[in-house]
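**Student:** Hints given; two lone chains; assemble the complex.
So the chains spell out like this:
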Amino acid sequence: MTSNMNGHEAVIGLEIHVQLSTKTKMFCGCALSFGDEPNVHTCPVCLAHPGSLPTINERAVRYGLEIALALDCDVAPRSIFHRKNYFYPDNPKAYQISQYDIPLAAGGRLGDVRIHRVHLEEDAAKMIHVGQSGRIHGSAHSLVDFNRGGTPLVEIVTEPDLGSPEEAREWAQLLRTTVKQLGVSDVNMEEGSLRVDANVSVRAVGAAELGTKTELKNMNSFRFLERGIAAELERQAAVLADGEEVVQETFHFDPRTGSLTPLRSKEYAHDYRYFPEPDLVPLAPTDEMLNEAREALPELPAERRERYEAELGLAEVTARQLAFDAELGEYFERVLEAGDGAEPRTIANWVTGELVARLREAGDGDADPASSKVTPQALAALAGMVESKRVTTGAARQVLATLVAEGGDPGAIVEREGLAQMSDSAELEAVVAAAIEAEPAAAERVRAGNQKAIGPIVGAVMRETKGRADGGEVTRLIRAKLGAGRE
Amino acid sequence: MTDVLELTAAQALERVAAGELGSDEYFNAYAQAAAGEDLGAYLWRAEPASGNGADGPLRGAPIAIKDIFCTESVETTAGSRILEGYRPPYTATAVRKLSAAGGRLLGKTNMDEFAMGSSNENSAYGPVRNPWDPERVPGGSSGGSAAAVAGRLAPWAIGTDTGGSIRQPASLCGVVGLKPTYGAISRYGMIAFASSLDQCGTLTRDVTDAAILLEAMQGRDPCDSTSVGIDGGIELPSRTDLEGLRFGVPRELSADAEGIEAGVTEVFQRTLGLIRDLGAEVDECELPHSSHGLSAYYVLAPAEASANLARYDGVRYGLRAGASSDVEGGLGDGIAPAETELVSMYERTRAAGFGPEVKRRIMLGTYALSSGYYEAYYGRAQRVRTKIAQDFAAAFARFDYLVTPTSPTVAFRLGARAENPLAMYMSDYCTVPMPLAGLPAISIPAGLAEPDGGGPRLPVGLQVVSPAFAETGLLDASHAIEGAIGFDAVPPGSRP
Numbered sequence: 001m002t003s004n005m006n007g008h009e010a011v012i013g014l015e016i017h018v019q020l021s022t023k024t025k026m027f028c029g030c031a032l033s034f035g036d037e038p039n040v041h042t043c044p045v046c047l048a049h050p051g052s053l054p055t056i057n058e059r060a061v062r063y064g065l066e067i068a069l070a071l072d073c074d075v076a077p078r079s080i081f082h083r084k085n086y087f088y089p090d091n092p093k094a095y096q097i098s099q100y101d102i103p104l105a106a107g108g109r110l111g112d113v114r115i116h117r118v119h120l121e122e123d124a125a126k127m128i129h130v131g132q133s134g135r136i137h138g139s140a141h142s143l144v145d146f147n148r149g150g151t152p153l154v155e156i157v158t159e160p161d162l163g164s165p166e167e168a169r170e171w172a173q174l175l176r177t178t179v180k181q182l183g184v185s186d187v188n189m190e191e192g193s194l195r196v197d198a199n200v201s202v203r204a205v206g207a208a209e210l211g212t213k214t215e216l217k218n219m220n221s222f223r224f225l226e227r228g229i230a231a232e233l234e235r236q237a238a239v240l241a242d243g244e245e246v247v248q249e250t251f252h253f254d255p256r257t258g259s260l261t262p263l264r265s266k267e268y269a270h271d272y273r274y275f276p277e278p279d280l281v282p283l284a285p286t287d288e289m290l291n292e293a294r295e296a297l298p299e300l301p302a303e304r305r306e307r308y309e310a311e312l313g314l315a316e317v318t319a320r321q322l323a324f325d326a327e328l329g330e331y332f333e334r335v336l337e338a339g340d341g342a343e344p345r346t347i348a349n350w351v352t353g354e355l356v357a358r359l360r361e362a363g364d365g366d367a368d369p370a371s372s373k374v375t376p377q378a379l380a381a382l383a384g385m386v387e388s389k390r391v392t393t394g395a396a397r398q399v400l401a402t403l404v405a406e407g408g409d410p411g412a413i414v415e416r417e418g419l420a421q422m423s424d425s426a427e428l429e430a431v432v433a434a435a436i437e438a439e440p441a442a443a444e445r446v447r448a449g450n451q452k453a454i455g456p457i458v459g460a461v462m463r464e465t466k467g468r469a470d471g472g473e474v475t476r477l478i479r480a481k482l483g484a485g486r487e
Numbered sequence: 001m002t003d004v005l006e007l008t009a010a011q012a013l014e015r016v017a018a019g020e021l022g023s024d025e026y027f028n029a030y031a032q033a034a035a036g037e038d039l040g041a042y043l044w045r046a047e048p049a050s051g052n053g054a055d056g057p058l059r060g061a062p063i064a065i066k067d068i069f070c071t072e073s074v075e076t077t078a079g080s081r082i083l084e085g086y087r088p089p090y091t092a093t094a095v096r097k098l099s100a101a102g103g104r105l106l107g108k109t110n111m112d113e114f115a116m117g118s119s120n121e122n123s124a125y126g127p128v129r130n131p132w133d134p135e136r137v138p139g140g141s142s143g144g145s146a147a148a149v150a151g152r153l154a155p156w157a158i159g160t161d162t163g164g165s166i167r168q169p170a171s172l173c174g175v176v177g178l179k180p181t182y183g184a185i186s187r188y189g190m191i192a193f194a195s196s197l198d199q200c201g202t203l204t205r206d207v208t209d210a211a212i213l214l215e216a217m218q219g220r221d222p223c224d225s226t227s228v229g230i231d232g233g234i235e236l237p238s239r240t241d242l243e244g245l246r247f248g249v250p251r252e253l254s255a256d257a258e259g260i261e262a263g264v265t266e267v268f269q270r271t272l273g274l275i276r277d278l279g280a281e282v283d284e285c286e287l288p289h290s291s292h293g294l295s296a297y298y299v300l301a302p303a304e305a306s307a308n309l310a311r312y313d314g315v316r317y318g319l320r321a322g323a324s325s326d327v328e329g330g331l332g333d334g335i336a337p338a339e340t341e342l343v344s345m346y347e348r349t350r351a352a353g354f355g356p357e358v359k360r361r362i363m364l365g366t367y368a369l370s371s372g373y374y375e376a377y378y379g380r381a382q383r384v385r386t387k388i389a390q391d392f393a394a395a396f397a398r399f400d401y402l403v404t405p406t407s408p409t410v411a412f413r414l415g416a417r418a419e420n421p422l423a424m425y426m427s428d429y430c431t432v433p434m435p436l437a438g439l440p441a442i443s444i445p446a447g448l449a450e451p452d453g454g455g456p457r458l459p460v461g462l463q464v465v466s467p468a469f470a471e472t473g474l475l476d477a478s479h480a481i482e483g484a485i486g487f488d489a490v491p492p493g494s495r496p
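Protein sequence lines, in the order shown, are assigned to chains A and B.
Using this note's numbering, the letters of the first sequence correspond one by one to residues 1 to 487.
Using this note's numbering, the letters of the second sequence correspond one by one to residues 1 to 496.
In case anyone wonders, no lab produced these hints; they're calculated from the structure.
One should not assume that every hint holds.
[To be verified] Think about it this way: if two alpha-carbon atoms lie no more than 20 Å apart in a straight line, the pair counts; the simulated EDC-like pairs of lysine to aspartate or glutamate are:
1. A:K213 / A:E9
2. A:K84 / B:E375
3. A:K217 / A:D254
4. A:K126 / B:E375
5. A:K126 / A:E9
6. A:K217 / A:E191
Please read all numbers here as calculations on a predicted model, not as lab measurements.
Next comes chain B alone, as it looks inside the complex (with noise of 0.2 Å):
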């Protein structure tokens, strides 16, 4: 039983395929394990499987979801407060597509709340602890899948990334994290944060397990405008060599970034070798303005939330302060009556439905939107976006893929920078320039190291970046360092 829960997902579905794993096997394997969890991975759990899936390429494969995916009738709160008890009417086009192929839903992850938050901690349901040491964060925002892979408590997850909330976690959690290419896999029925940088990707154990998740969510979806698919579809990755390509390493977001663990930099510098050893060629490059993104992307981010999270105002679903008539939402009799209590009761659920960090960012957003101040926040931040993207464009006319370390420090203390916005913010300092030019990027584990000032050896992230919609691509190189890297350490307690 214990064997199953080291397999990767792509293993032990070759073992229900053989037919020398039962799919219920499989899937009751990891229930039991989720059941009996202690990192505050999971915000709701699926019973046990019997006999309903071994169809599809997935064949009743367990699938953790993040709890900002909408799925019908199950709970659905984005970690937040303001949606406690939601249960959404309809399914998320990339849930759907996975439970086509044959996966089946093992539990929604816990999240940083509205995915607004780098350590999970911003989770109205608690923290989630990082399998590697329970006493650090598991990253975030999509930290609750990130821990649950980490930990063997799922085989696989889907996550969202806005400014690396899928790559951050994957990093500090020694999993593999992919982004894939904005509008490559639908947004339909995933809980809004940044609508023009939100994309749907996976936590896995390996790259071919990513390529496996990718493929059955890709694809243009009439329900998201926005989505376009990956033409062609992904293939599996088998390459075992780099020869021939070129992958350059932005200084900006490696050498002369700011505040990079030295453990991190040893791990990085030694992947780079890794990398030349594999035949490919490695270069320095610049993306010059790649240091403004952070700036840039807590203007535009917040901006679009102030909008998307406008619509929790305690009328028709989820949370609503003040009434006595508020238990079950729906419009009943004497509510609403004059102007000003309606407005009371828009600030009442507000205030009490979401945390600080929602309402820091609600307020940044709504601030930089206003009139007088829309041209020198928000359309200045704009223009510093596409000269980001004309950054990497050049960039990617020398060089086949980009590597960057994913994350500056290992996984850090919980607390430790609660207090700090700033400091929390800069965890995402590599992984924001990616989501602003809309591009496709990966973690791998790449090594274990001390954070700085000594402790537990933990995890530490390589990020591969590759031109737009060249996900097939980036996954055959990753699949290539990632055999020669040889990762292998599991967390601490996690082995039997």
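With the rest of the complex left out, here is chain A (with noise of 0.2 Å):
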């Protein structure tokens, strides 16, 4: 991507809000929900009666301070609600009760990248506007439906820390899996209880200053994340190219367009006029509850790769995939719980490799393996087989094909498709006799030094033994036969 920027580098930072999974909204009693009727989780709060009053939710501020210790944040000891004011018909009070100077925490990294602040607020309702756009622009009217409106959210800001589209995109997923692993969200972009905005702007390579920054939002998907900022890279380095200078706006992401659209300057110029929310008293974590939510945290993606690499002697890039995708990591975990004997490299490679190939065969991309045919006990009997050479590598593919269509246990498999490796040399010697035979052509050329030749034989052999038969073993008995060693 910057390859082409003209000695420019893209300056990427990153904020986001989680909405939290909690039982009941931020600030009020009504409960939370995805789908429901319209306007059926409303009370005198929530739709900003007269004379009503918020409250704070304890399990969201829990849940807060999950995230904010899990991104290595310095809680603040009394953060502060304050009120952001702005009319709109999806802000019932006029106000949305958000914190401003003092956030909930600050100070916090994860992976390579340093976190600002991370802070609980609610969110505001959902507007449907009725007509083509789906924007309220040319929209004959427009209907709120409040059920959504005062659900806790946290909010986490980067620091200008990344580098690339491609590094904004992997650093969004880690966070996301690390917000799933803590189990406070759902943290589904498509339904938007993960929403990602990313400031972009490009400076010179090495120059100290930051350029003027401009703010995308609505990317819904990781993909389009990644296309929005790759987009607004490409615009801005024109821009710079052309001799001039880019200006601080907001851009809304069409995602059936890929393209960014300006908003009004009306839209987001506002002078939201923060001071302290008077209803609500200072937040002050105890010790109990810092603790407990500390206690609370599981093993974290960050920590895991580590452990993976450090004492699995997994490869970076295995245990990465393996730390960042919770799916795939909590498999990898019950698998080797499973046992069986095998190399944690054995079953890493097994199901970061040939399983996730096998799954996206069968079906939709993202498969998650648990909720696969092949339990993790199979898969740890079949690395374990393949490993007491009890079967071959081909072999056990082929197994594998067979637990993916309809689970089962792998001893049986073989067993039933006689697919056990040959263990009897003898055997084995008489089936590369009579492959040699078969092609003499290709005996000649490999005799006379063609290396490449030996395929066809070996493909003789194999077809002979149903793949049973240790490729390497056969190579090496062809070799031997025709008297061509590798030299």
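**Tutor:** Here it is, written out as structure tokens:
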């Protein structure tokens, strides 16, 4: 990406909103829901009736603390809620209760990215603009569904530490996995329980000062996040190449066209007139609350990757894949538990390689192995059989295909389909001799020193043994017989 | 029947308990009086009662409620056109607690729009007249509640006080007005003016009645996280002397205060003598920053109000200007198309729904919070507030109670200050510092005085202030002073 940027580099920061999966809303007792009839989960508080008052949802605070601690932030001893004032029908009080100068937590890190702040706030209601565009411009009329209004949100703001659209996407995925591990949110981008906005700027390579940034909104998948940032970086690079200056503005990403449209200045140029929310007392987490939140933290992706590399000896890329993909990682852990003597490296390779590939072939792209027919016990047994040379790798692939399709016990499948590795070398030698005779032309070329010509002979052996022979052993035997050992 | 209207609530409840007075008879004496009133004190009146409430300590007693408290399915307007016809889906905690104690809603009382005013002339539904002189104001913003209690249209009432909205009308109407400590009574369901200052309180014929109502309403409410209640509750006052107590007289809010009428000063000085006679030490003291109270108040209260009143946008309830389908207030067909039309709907609704004083304060508050001005106004006012609280803390290290005149003047004529907001704001000069410090204060009738320049003799209030959550002591001391004063004047025309 950065290659065509004429000596400029990208500087990217993210602002993430996470909808918490508490039972009730941030400041009232209404249930959270997704997909219910409009306006059934409402009360005087979340409809902003006169005289109603907010009270803080303790569970939301707990979830916020877990996120803050998982991101290695310092939790403020007393954080303050503020009112953020603006008029819009999705904002019934005409102010959003958020946090401003003293957020819940600040100064953390996840992976290579520093976390600027983490704060609690409430979500707006849902506007439905009836008309072609689905946006307020050009709509015939608009409806408000207050079910979502007041849903607890955690906002996470990073420092501008990301250098490319790919990095931004990968890091956002790591964050998603981290929050998912905590079990405090569904973190579903399409349903809006995870929303990622990006602040994007470019500057001359090595320059200390940041360029003027623009803000990108509404990128509702990781793919769109990457595409949106890439498109904006290209635009900014072109603006600079023309000798012009980037103007600070906000863009709306259109997932249908992949294009960015600037929002009219009126839609974001607010003076929010923040001031401390007098209806709430400062939020001062007790040591007990902090300890409970800390103890509730599961092993987080960054730690898990380290452990996989250091203790299990996994390759970096495999460790990362298992640690950052929560579902795959959990499955891997269960295969490890099931044991059967296979090396963690072997198991990891089977999970991230063959199993993922087979599941993709079999169905949807991101199939969760836990919901497939391949039980962790079966995969553990299969890896164990490969490692103890009871089956060849090739035969094991056939067994796995059967497991993906039908499930079952790998030992029984090997038995039923006669896939056990040939352990009798005399039998294998006889098959090799027959194959050489059957492929005289190839045998002649191998004798003459053409190593690649060995293929047809190996193929004949494999066909005859139905993959039960170990490929390496077969090659060794053929070469020995043809007097063509590797020089 | 008329005799009932002259009883304090405590006296009437004793008779009800003894079977000498029927609970309904008690209620209906007031329902009838309220129905025939011509002071403009009520915005809504209950029907006569029949056998539905003699339980609990309040034994079916009638209670007048300021129209700022939400009452389920009973119209609640806060004195504003923008809430005309609004029937809340819920009832304020304070009102619920009164019902739970056996009280019955007698009526909703008139008030300055959103509690912004000191004369009750800012009500969208017309002014309230002072029972002592119908050409004069009852004070505000709880003017309807004060006039109803003084005019024998209610045995007692509740109101709200932000900068003096209970104590000042109590003073002008010759009744007892108590503003408890911030946090003593839940604010849930009390329509917000300035959230960090608003507090529910009582307007009663005497100090004992104030204690009874306060005890029924105080307490921590899970729906109001700023509520804490009063530890140990409230004991009925019984004290008849002030032996061993020290009373401070803040110079800035008495002798040195601007615009204090001669008659008010005279009554105040006479009352200080009574306090000495009861055995207390009385000495002068200082609250050096209290003279800045009004300035700080008129930044902070409008700032909070500008946000609190932003919800009246015509979208969900109350008045909506413009569109044809606005009558029911719901989001119906064909509403709120493009953004310009939305903004125009907001503007027209708020232009039509709010009165001039409310608009003035929304503008003041919006300005004070604006980017670039926040520190100079809001930030500075908050620091003044802290200084005022420190002044009180220093004074209470030396004194048990502080006393001041409640209002610099007796009741003024309708219209006298209506065109001059600053003169109107001065009405709260002596009452504003206490809510800024969160402290409880009570106004008790101390005597009658002529206004400067002559006129009928009108009530003068004495303000007594105590440390936070010391209401039991405050009421006890006030009870002793009340006894010594022996105020027994009643408004002309209210006596049969």
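**Student:** Next, verify each hint and record whether it holds.
**Tutor:** How the hints compare with the structure:
1. A:K213 / A:E9: At roughly 13 Å apart (the allowed maximum being 20 Å), E9 of chain A and K213 of chain A satisfy the hint.
2. A:K84 / B:E375: holds (16 Å)
3. A:K217 / A:D254: holds (9 Å)
4. A:K126 / B:E375: It is violated: about 34 Å lies between the C-alpha atoms, which goes past 20 Å.
5. A:K126 / A:E9: violated (37 Å)
6. A:K217 / A:E191: Holds. K217 of chain A to E191 of chain A sits at ~15 Å (cutoff 20 Å).
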